[in-house]
Amino acid sequence: MYLVKDISGAICLMAVALVLLGTWPVVLAVLERRGRLPQHTFLDFSVTNFLAAVLIALTFGQIGPDTPETPNFLTQLTQNNWPSVLFATVGGVTLSLGTLATQYGWAFVGLSVTEVMASSLKVVIGTTLNYFLDGRINKAEVLFPGVGCFLIAAILGSLVHHSNAADNQEKLAKSLANYSKNTRNTASYDDLTKHLLEKEGPKDLEEAKLDAPENTQKLEKVEAGTAEFLVHLEEKRSIKVLGSHTLLGLGIVVFAGVFYALFTPAFNLATNDQWHTLPAGVPHLVVYTAFFYFSLACFAVSVALNVWFLYRPMVGVPRSTVAAYLRDGEGRWLALLAGLVCGLGNAFTFMAGQAAGYAAADSVQALPLVSTFWGVVLFGEYRRSSRRTYTLLASMLLMFAVAMVVLMASSNHRRPL
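In this note's numbering, the protein residues as written are 5 to 421.
Since the hints were derived computationally from the structure, they do not count as laboratory data.
Computed from a prediction, not measured in an experiment: that's the story for all the values here.
Cβ atoms here follow ideal geometry from the backbone N, Cα and C, with glycine treated the same way.
Some clues are possibly wrong.
[Claimed, not checked] Dumping the calculated SDA-like pairs for lysine to any residue here, alpha-carbon to alpha-carbon at most 20 Å:
| no. | residue 1 | residue 2 |
| --- | --- | --- |
| 1 | Lys143 | Thr132 |
| 2 | Lys240 | His166 |
| 3 | Lys240 | Leu163 |
| 4 | Lys143 | Ile129 |
| 5 | Lys9 | Pro287 |
| 6 | Lys143 | Ile11 |
| 7 | Lys240 | Gly320 |
| 8 | Lys178 | Ser162 |
| 9 | Lys240 | Val380 |
| 10 | Lys175 | Arg391 |
| 11 | Lys9 | Asp70 |
| 12 | Lys143 | Leu155 |
| 13 | Lys9 | Ala413 |
| 14 | Lys240 | Arg37 |
| 15 | Lys143 | Leu133 |
| 16 | Lys175 | Leu163 |
| 17 | Lys143 | Asp332 |
| 18 | Lys175 | Arg387 |
| 19 | Lys9 | Glu73 |
| 20 | Lys240 | Glu334 |
| 21 | Lys240 | Arg38 |
| 22 | Lys143 | Gly13 |
| 23 | Lys9 | Ala19 |
| 24 | Lys9 | Gln66 |
| 25 | Lys240 | Leu155 |
| 26 | Lys240 | Val31 |
| 27 | Lys240 | Asp332 |
[Claimed, not checked] Between beta-carbon pairs, the in silico distance windows are:
| no. | residue 1 | residue 2 | range |
| --- | --- | --- | --- |
| 28 | Trp337 | Leu251 | 43 to 51 Å |
| 29 | Leu90 | Ala308 | 14 to 22 Å |
| 30 | Phe377 | Thr82 | 40 to 48 Å |
| 31 | Val326 | Phe136 | 42 to 50 Å |
| 32 | Arg331 | Phe136 | 21 to 29 Å |
| 33 | Glu145 | Gln173 | 40 to 48 Å |
Based on the provided sequences and hints, a complete structural model is requested.
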């Protein structure tokens, strides 16, 4: 079994995990904006996310000698370590619920703010728990100021969302006023939508698929940040959000953040057995075995929930079926790629945490620095926004960068329990 034992190696793994975990949300957000149902995307994502854990376990988990203290992956599958397996399973369940919620949060709140708020809540709650579970191996005088920076970033994230939502409402209101003036009539938002789209949207999913290339070309010609862009995007995407209440999106993100906060402490307990639940003489779960059970639970919950959501969808998403999912190959390879990238990112995070402490490994929650870059470049988020929104956004990202550096600086060698 291969283990990372030095701080420099752990920090390198954190840096790679940061890029991977900041990139996969962008891929799923792209598919949602193209109109692919989130249930279809998440089912594909879950498959390769689990396969990544199997790949890691059968490679890194089988490298090196198989000793009684650090058995290889296949050896541990037959050992009486069910209490630790249970903790790993709980971690997988909470990760699945958090990730599922963020998929809807991206639509309502935006990629940048969703990742910032969810990651900040995870750090504030999860890192504090990990600090005590790890026997306080991280430097508290460095770690907790970093946690404070994440908390400030979360607050700024909510302010950015509120400010940007106000900017969008102002753009739509101006377009509505201009349309009413030009038509010398009292117009509604429905009238404006029809005017900007120049025709009514497709009545069903089959018609939407036929019109997709035309809609894509039309959206690409519209300048990002304009009212016309917002309406075209709303017509095309699978989750409709225009006119929704601000608190709905923020509530989804807070739900995701709370569940995200629990998965690394659960994984920490699975690998280090701080509560001494294992029978005498049974070795701790190695990180690769724990990650396998963790990912298996995540896969099972994700598949079960998304099959349910096919027939009973949330927040106005169109209904689907298993047969329709199997036929929907458009964008499937992107969803599969996102699952693989996420799985590898989580694996590297846990490998680094086992070496330098899971509290320090939570520095990868600075992934919104990567996600926001992609959100601005690819999606035109915050284009034509107010100076207030730009100021809040810059402050949020700066605070996140500081928090990431501070948490990495709190790394220390793990002492034997």
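Okay, the hints, checked on the actual structure:
1. This hinted pair checks out: Lys143 and Thr132 have alpha carbons roughly 12 Å apart, not beyond 20 Å.
2. Straight-line distance between C-alpha atoms of Lys240 and His166 comes to about 23 Å, which puts the hinted pair past the 20 Å bound.
3. At most 20 Å may separate the alpha-carbon atoms for a hinted pair to count; Lys240 and Leu163 exceed this at roughly 27 Å.
4. Restraint check: the Cα-Cα separation between Lys143 and Ile129 comes to about 17 Å, which is no more than 20 Å; the hinted pair holds.
5. Among the hinted pairs, Lys9 with Pro287 is consistent with the structure: their alpha-carbon atoms are about 18 Å apart, no more than 20 Å.
6. The hinted pair formed by Lys143 and Ile11 meets the criterion: a straight-line CA distance of about 14 Å does not exceed 20 Å.
7. For the suggested pair Lys240 and Gly320, the alpha carbons sit about 14 Å apart, so the restraint of at most 20 Å is met.
8. For the given pair, Lys178 sits about 25 Å from Ser162 by alpha-carbon distance, which is inconsistent with the 20 Å threshold.
9. Restraint check for Lys240 and Val380: satisfied, since their Cα atoms lie roughly 19 Å apart, inside the 20 Å limit.
10. Between Lys175 and Arg391, the direct Cα distance comes to roughly 14 Å. Compliance with the 20 Å bound is thereby established for this hinted pair.
11. Taking the CA atoms of Lys9 and Asp70, the gap is near 17 Å; set against the 20 Å cutoff, the hint holds.
12. Straight-line distance between C-alpha atoms of Lys143 and Leu155 comes to about 18 Å, which keeps the hinted pair within the 20 Å bound.
13. Taken as a hint, the Lys9 and Ala413 pair is honoured in the structure, with Cα atoms around 17 Å apart against an allowance of 20 Å.
14. Note on Lys240 and Arg37: the hinted pairing holds, with a Cα-Cα distance of about 7 Å set against a maximum of 20 Å.
15. With a CA separation close to 14 Å, the supplied pair Lys143 and Leu133 stays within the 20 Å bound.
16. Of the supplied pair hints, the one linking Lys175 and Leu163 holds, its CA atoms being roughly 18 Å apart against a limit of 20 Å.
17. A threshold of 20 Å between alpha carbons decides the hint, and for Lys143 with Asp332 the separation of about 50 Å lies outside it, so the pair is violated.
18. Taking the CA atoms of Lys175 and Arg387, the gap is about 12 Å. The hint holds against a cut of 20 Å.
19. For the proposed pair Lys9 and Glu73, the alpha carbon gap of about 16 Å is at most 20 Å, so the pair holds.
20. Restraint check: the Cα-Cα separation between Lys240 and Glu334 comes to about 15 Å, which is no more than 20 Å; the hinted pair holds.
21. Distance hint between Lys240 and Arg38 is fulfilled; the C-alpha atoms sit about 6 Å from each other, no more than 20 Å.
22. Proposed proximity of Lys143 and Gly13 is supported: the alpha carbons are some 19 Å apart, at most 20 Å.
23. For the given pair, Lys9 sits about 16 Å from Ala19 by alpha-carbon distance, which is consistent with the 20 Å threshold.
24. This hinted pair checks out: Lys9 and Gln66 have alpha carbons roughly 17 Å apart, not beyond 20 Å.
25. Distance restraint check for Lys240 and Leu155: the Cα-Cα separation of roughly 34 Å exceeds the 20 Å cut-off, and the hinted pair is therefore not satisfied.
26. Restraint check for Lys240 and Val31: satisfied, since their Cα atoms lie roughly 17 Å apart, inside the 20 Å limit.
27. Pair hint Lys240 plus Asp332 holds up; C-alpha atoms about 17 Å apart against a cutoff of 20 Å.
28. Here the CB-CB span from Trp337 to Leu251 is close to 36 Å, at odds with the stated 43 to 51 Å.
29. With their beta carbons about 18 Å apart, Leu90 and Ala308 fall inside the hinted range of 14 to 22 Å.
30. Phe377 and Thr82 have their C-beta atoms about 45 Å apart, which keeps the hinted 40 to 48 Å range intact.
31. As the Cβ distance of Val326 to Phe136 is approximately 44 Å, the hint placing it in 42 to 50 Å holds.
32. At about 50 Å, the CB distance of Arg331 to Phe136 disagrees with the hint of 21 to 29 Å.
33. Taken as a hint, the range 40 to 48 Å holds for the pair Glu145 and Gln173, whose Cβ atoms sit roughly 44 Å apart.
Hints 2, 3, 8, 17, 25, 28 and 32 from the list above are not met by this structure, while the remaining hints are.
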